[in-house]
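Colleague: These protein sequences, in sequence, are chains A and B. Numbering-wise, the first sequence is residues 1224 to 1558 according to our numbering. Numbering-wise, the second sequence is residues 1224 to 1558 according to our numbering.
There's no promise every hint is true.
One copy or two, it doesn't matter: identical chains are merged, so the pair holds either way.
What the hints assert, rightly or not - The calculated lysine-lysine pairs, modelled on DSS-like cross-linking and capped at a C-alpha distance of 30 angstroms, are:
hint, residue 1, residue 2
1, Lys1435, Lys1537
2, Lys1256, Lys1312
3, Lys1338, Lys1513
4, Lys1239, Lys1533
5, Lys1537, Lys1256
To be clear, the hints were calculated from the coordinates, so they are not data collected in a lab.
2 protein chains.
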Amino acid sequence: MIKDEFVTMSFGNGGKKTSAFIDNVILPSFNNKELNSLGDGAVLDVSGSIAFSTDSFVIDPYIFPGGDIGKLSVCGTVNDLLMCGSIPKYLSLSLIIEEGFSLKELEHIITSLSKTAEKAGVKVVTGDTKVVDKGHGHGIYINTAGIGQRVEGIDLGKSRIKSGDKVIVSGSVGNHGLAILCAREKLLEGSLYSDCTPLNEVVSTILKYGDKVKILRDPTRGGVATTLNEFTEGMDFSIELLEESIPVDPSVRTAADLLGVDPLYSANEGKVLVVVDSECADDLVEDLRKHEASFNAAVIGQVVDYLQSKVVIKNQLGIRKVLDKLSNDLLPRIC
Amino acid sequence: MIKDEFVTMSFGNGGKKTSAFIDNVILPSFNNKELNSLGDGAVLDVSGSIAFSTDSFVIDPYIFPGGDIGKLSVCGTVNDLLMCGSIPKYLSLSLIIEEGFSLKELEHIITSLSKTAEKAGVKVVTGDTKVVDKGHGHGIYINTAGIGQRVEGIDLGKSRIKSGDKVIVSGSVGNHGLAILCAREKLLEGSLYSDCTPLNEVVSTILKYGDKVKILRDPTRGGVATTLNEFTEGMDFSIELLEESIPVDPSVRTAADLLGVDPLYSANEGKVLVVVDSECADDLVEDLRKHEASFNAAVIGQVVDYLQSKVVIKNQLGIRKVLDKLSNDLLPRIC
Chain A
1224 MIKDEFVTMS FGNGGKKTSA FIDNVILPSF NNKELNSLGD GAVLDVSGSI
1274 AFSTDSFVID PYIFPGGDIG KLSVCGTVND LLMCGSIPKY LSLSLIIEEG
1324 FSLKELEHII TSLSKTAEKA GVKVVTGDTK VVDKGHGHGI YINTAGIGQR
1374 VEGIDLGKSR IKSGDKVIVS GSVGNHGLAI LCAREKLLEG SLYSDCTPLN
1424 EVVSTILKYG DKVKILRDPT RGGVATTLNE FTEGMDFSIE LLEESIPVDP
1474 SVRTAADLLG VDPLYSANEG KVLVVVDSEC ADDLVEDLRK HEASFNAAVI
1524 GQVVDYLQSK VVIKNQLGIR KVLDKLSNDL LPRIC
Chain B
1224 MIKDEFVTMS FGNGGKKTSA FIDNVILPSF NNKELNSLGD GAVLDVSGSI
1274 AFSTDSFVID PYIFPGGDIG KLSVCGTVND LLMCGSIPKY LSLSLIIEEG
1324 FSLKELEHII TSLSKTAEKA GVKVVTGDTK VVDKGHGHGI YINTAGIGQR
1374 VEGIDLGKSR IKSGDKVIVS GSVGNHGLAI LCAREKLLEG SLYSDCTPLN
1424 EVVSTILKYG DKVKILRDPT RGGVATTLNE FTEGMDFSIE LLEESIPVDP
1474 SVRTAADLLG VDPLYSANEG KVLVVVDSEC ADDLVEDLRK HEASFNAAVI
1524 GQVVDYLQSK VVIKNQLGIR KVLDKLSNDL LPRIC
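One chain only, chain A, in its complex shape (with noise of 0.2 angstroms):
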């Protein structure tokens, strides 16, 4: 059992304290073979096509309005893993903490990443742990590693996306941004959450279009606005949004407003945009809505061939303008 009331330098230096916390806090949370060998890495059983990502994680404040940046260090690469094509499977764990920061708070944020893991249906079997002296960090760092496995018969990419192809977005837009922008101003206390979630249902859902799906791609940093450019970046179409069909929830049109922020460019940590082939577009949005992490799943655009290379957002007066992609600060440390 561990008596500190504080992390100190030596929970990081490989003796018997950092033994101390992976037996009595890291081991219990996580409990699985792999994991409790305590090897210098995991063995796994894997075949076939994988794939691996990872995030760091250092976000501020690092608990915040629906989630905290335990819960978030599992959506981050089990999305990205999903947004591959691949079911996630395991994941790594790497801590860096702050000396000082509280065992209590350390203790809440692996409990819920612990939780998320399980709904996520990863393992967590193997982490390392560091800690830096006060004054280096800002409480915790986290990074995650993953890896999934491929599901057969899937081929996403950018270069199977072909004019008139629909672009669907899972839900609501920019939650997660304003919710931390405004967690950190202390603004509208108790009305935005961040909607940071495992998508591996949502995902699920999509990947029974089969080859019908073109691309996923989650709108973290940078937002609707940046990822969508990624996907026209050297290609020769474009893509054109109808601004009034994008999910925007009340509370996060009027945050935007009052700072000033487009929700288009706003973080999303629960949300896919997904390009499919236009005839099962709107089967696929019935399909999603069934599930509450995408029950206002839309239609938000197509993809169009008179223009290349950009995105392009359409109003109700028909008016025209260009999206390009995040260009200025935001909101570091959002994720």
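Fit chain B to the supplied structure of chain A, relying on the hints for placement.
Modeller: Chain B alone, transformed into the frame defined by chain A:
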């Protein structure tokens, strides 16, 4: 091309500057098709049993005699994969950069990382970049996670260790930790260097001995003493070291005496401890000595059953003392 002299928050916001950094610095350094596709993760083909490991690197100073945080970030994870009896194949790379960090130093670190990855035969296939506000980091922290392909027919684990087995170290101990400590204190300049190196050749030499090899571990944080305690923990055998047989470089000995540090608790980043069947110990040492990275490998002790779960060291007078795990804060931020 990036004209900035220093890293700004926008390098990590997922927008235009992040893309410019990836396109101009990251992609040219690690040119490979998996990374170049810039998906949410890399798609890889593997089969059978793999090893999966991760480490975050927060070393201070981030450029040190014998290496830098870039080289270390590859060696650390590559060596952990090797210790699992696998051939390292793929790495993820996640950067947490402090706002204001010099772009020139960042490029130096990335180049060093890239060269070491090439030497170790691993491809950097996926990654992430975050920037934290000035005062919330320490120049640069790096996480790597790695995937290795397990060598068939190798079964490693402390349950296979038995009385009479020999303990071999691949070379002089304590160099990394003492080099870092001296660099930090500006002591003995020019005489101590980190042993940081990928251990591919050394481990492949060891694995040729098949099931005679019981366990491998690189004695990083906590040093040889702590790692050997991990072997004996909970087991009914002990390990007895012969003090005079343990290779320690004269400069390391001098630094250790000066600073009151025991080289057996000082970190190594290019050494391996291996327990083998006694019948092949001398042959293995002879084979290891043919390689530059293990030219002074030595049998340093044996597994005994007169005592349980301990590590004991015997000096020239035959006096034995128990070596416990590291318990104090000898060297925080050593890797």
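Colleague: State for each hint whether it applies.
Modeller: So, going through the hints one by one against the coordinates:
1. Lys1435 with Lys1537: This pair counts as within: shortest intra-copy Cα distance 26 angstroms, inter-copy 70 angstroms.
2. Lys1256 with Lys1312: The answer is both: 14 angstroms in one copy and 24 angstroms across copies each meet 30 angstroms.
3. Lys1338 with Lys1513: Answer is within: at 24 angstroms inside a copy they meet the 30 angstroms cutoff, but 50 angstroms across does not.
4. Lys1239 with Lys1533: For Lys1239 and Lys1533, only the inter-copy Cα distance (14 angstroms) is at most 30 angstroms; the intra-copy one is 56 angstroms.
5. Lys1537 with Lys1256: neither (54 angstroms within a copy, 36 angstroms between copies)
Consistency with the previously given hints fails for number 5 only.
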